[in-house]
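Q: Input sequences plus hints: build the corresponding full structure.
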Amino acid sequence: EWQTDALRASATNAKIEGDDITATASTATTRLGNYTQIMGESATISGTDDGLNKAGRAKEMAYQIRKRVKEIKLDAEKALFLNNAKVAGNSTTAREFAGAQTWFTSNTSNGSGGSDAAGTGADTRTAGTARALTQTIFDGVMQSCWDNSGGQPRDVYLSSAQMDVCLGFTGMNNQRATITADSKKLVNAYDVYVTQWGTLTYKMSRECPTSEVFIIDPKMWECAELRTMKNFPLAKSGDSEKRGITWEWTLVAKNQASSGLIADLS
Numbered sequence: 001e002w003q004t005d006a007l008r009a010s011a012t013n014a015k016i017e018g019d020d021i022t023a024t025a026s027t028a029t030t031r032l033g034n035y036t037q038i039m040g041e042s043a044t045i046s047g048t049d050d051g052l053n054k055a056g057r058a059k060e061m062a063y064q065i066r067k068r069v070k071e072i073k074l075d076a077e078k079a080l081f082l083n084n085a086k087v088a089g090n091s092t093t094a095r096e097f098a099g100a101q102t103w104f105t106s107n108t109s110n111g112s113g114g115s116d117a118a119g120t121g122a123d124t125r126t127a128g129t130a131r132a133l134t135q136t137i138f139d140g141v142m143q144s145c146w147d148n149s150g151g152q153p154r155d156v157y158l159s160s161a162q163m164d165v166c167l168g169f170t171g172m173n174n175q176r177a178t179i180t181a182d183s184k185k186l187v188n189a190y191d192v193y194v195t196q197w198g199t200l201t202y203k204m205s206r207e208c209p210t211s212e213v214f215i216i217d218p219k220m221w222e223c224a225e226l227r228t229m230k231n232f233p234l235a236k237s238g239d240s241e242k243r244g245i246t247w248e249w250t251l252v253a254k255n256q257a258s259s260g261l262i263a264d265l266s
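If you use my numbering, the sequence shown corresponds to residues 1 to 266, in order.
Since the hints were derived computationally from the structure, they do not count as laboratory data.
Heads up, a few of these hints could be off.
When the alpha-carbon atoms are kept at most 25 Å apart in a straight line, the in silico DSS-like pairs for lysine-lysine are as follows [claimed, not checked]:
# : residue 1 : residue 2
1 : 59        : 242
2 : 230       : 67
3 : 59        : 70
4 : 78        : 219
5 : 203       : 219
6 : 242       : 230
7 : 67        : 242
8 : 67        : 203
A: Here's what the structure looks like:
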């Protein structure tokens with residue numbers, strides 16, 4: 001659980017010299033929370049496998065553990081972007097944390113018929129009619145972050161398909177391809193987008209849905225661990241070695257108004 005708060009709107013602020021100060025009530029913070037989710041994998045190798053000298057690696061179990069850890073991290077990246085409501089869990093149902101899409105309520109752009117979730121992680125956003133990403137839509141969400149909350153997004157998480165769209169955004173020099181004489185390379189890529197509302201770094205993710213683009217202030221989002229990732233031996237039941245891997249963590253949305261979501265994209 002964590003607390004979130006917001007500044008009041010600006011106002012005329014002038015006090016009379018020597019005047020008494022009138023006490024005003026403080027605005028209570030809002031308490032939010034997310035459930036921790038246990039992610040896990042296991043690796044099993046036979047006794048023969050463990051005894052062999054493998055080409056390219058020393059121990060088969062060590063190799064399999066490293067591979068499973070990478071797979072868990074892929075699952076974790078996928079979970080962060082999901083439109084998934086939090087689940088309390090019980091003896092037959094696993095706990096699940098709410099994905100990033102369920103927290104946005106302020107700086108969003110939805111397709112026709114689409115709507116935001118309540119912003120507590122308890123429900124999901126409603127999908128709308130898919131439409132193409134445009135620079136106007138993108139810049140509109142950036143302006144909303146600036147105007148409505150004073151947010152300072154710095155990172156954009158998106159799929160390769162939407163990155164291809166962003167490559168077509170018009171800049172002041174409208175330059176998208178250059179050839180460097182020394183290396184004879186054709187360059188048609190960029191990962192920084194400079195706007196009047198801030199400079200953004202594009203970060204493509206294979207796990208980011210094509211239908212969404214996340215414009216994020218990294219100071220306002222956190223991955224919080226309850227139990228760090230570890231591997232441990234499992235009970236032996238034959239001529240094999242078994243090890244399990246667990247990791248318990250959650251997503252913390254400190255203040256969603258700092259960031260923006262463009263949803264329902266084709």
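Q: Which of the stated hints cannot be reconciled with the structure, identified by number in ascending sequence?
A: Checked against the structure, no hint fails, so every one of them is satisfied.
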